[in-house]
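**Q** Sequence:
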Amino acid sequence: MPPESISKNHVVALATSKKKEYHQITNEFMERYPSLKIERLTVSKILKKANEYQLQDNNVYTEKTFCHRSVKYPMLELAMNMWVERVTTEEIIISDSIIKEKGRQFAEAFSIPEGSFTFSNGWATKFKKRNGLKKTIMHGEAASAPLEKLPEERRKLQELLSHYNPEDIHI
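Under our numbering, the first residue of the sequence shown is numbered 61, with each subsequent residue one higher.
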């Protein structure tokens, strides 16, 4: 079953790998995907922007992405990406407010004027989407206490609770 749409990178890859003329590319697509109509003008426009399409990171965008918009401050984005990478490898929990605050810190470090950029909830959501960050619900206090001290702490708790009636202890 043919795809419903053809990615621009697919057209660029075909053209550059096989060094074909525009009409040859169009004809090949028409043979390969007869249900899709592609005009030579479309191929021409895509190939004129070939460098832009090849530089785009495909794994960030979904089928709903219509055009690529570059970020306003690439150095800020790079610094944030490096920070997220480091924080996630250290298994540190990050929230939207932490992401926004870190963005403000980097913006200040890069001397980005304060009014020219807002670190809103929308910005944080888009940043998480670009970096593949997902919401994770944490339960309990996993790995928060040293396991070697557990028997001793249990003994202390039992000793403390022994002074109370069992009916008065609610867990």
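Among the hints, a few may not be true.
[Said to hold, decoys possible] Cross-link-like lysine to aspartate or glutamate pairs, in silico, DMTMM-like; alpha carbons within 25 Å at most:
#1 K189 with E145
#2 K195 with D156
#3 K209 with E227
#4 K188 with E208
#5 K189 with E213
#6 K186 with E161
#7 K209 with E174
#8 K195 with E174
#9 K188 with E219
#10 K186 with E151
#11 K189 with E150
#12 K132 with E174
#13 K195 with E137
#14 K132 with E145
#15 K189 with E168
#16 K194 with E227
#17 K188 with E174
#18 K195 with E208
#19 K194 with E174
#20 K109 with E88
#21 K188 with D228
#22 K188 with E213
Calculated from the structure, these hints are not laboratory results. Predicted model only: the values in this text are computed from it and were never measured.
**Q** Now look at each hint and say whether the structure bears it out.
**A** Results for each hint:
no.: 1; hint: K189 with E145; result: holds, 14 Å
no.: 2; hint: K195 with D156; result: holds, 10 Å
no.: 3; hint: K209 with E227; result: violated, 28 Å
no.: 4; hint: K188 with E208; result: violated, 37 Å
no.: 5; hint: K189 with E213; result: violated, 43 Å
no.: 6; hint: K186 with E161; result: holds, 15 Å
no.: 7; hint: K209 with E174; result: violated, 49 Å
no.: 8; hint: K195 with E174; result: violated, 28 Å
no.: 9; hint: K188 with E219; result: violated, 48 Å
no.: 10; hint: K186 with E151; result: holds, 21 Å
no.: 11; hint: K189 with E150; result: holds, 20 Å
no.: 12; hint: K132 with E174; result: holds, 14 Å
no.: 13; hint: K195 with E137; result: holds, 20 Å
no.: 14; hint: K132 with E145; result: holds, 21 Å
no.: 15; hint: K189 with E168; result: holds, 23 Å
no.: 16; hint: K194 with E227; result: violated, 44 Å
no.: 17; hint: K188 with E174; result: holds, 22 Å
no.: 18; hint: K195 with E208; result: violated, 32 Å
no.: 19; hint: K194 with E174; result: violated, 28 Å
no.: 20; hint: K109 with E88; result: holds, 20 Å
no.: 21; hint: K188 with D228; result: violated, 47 Å
no.: 22; hint: K188 with E213; result: violated, 40 Å
Comparing the model with each earlier hint shows violations of hints 3, 4, 5, 7, 8, 9, 16, 18, 19, 21, 22; every other hint is respected.
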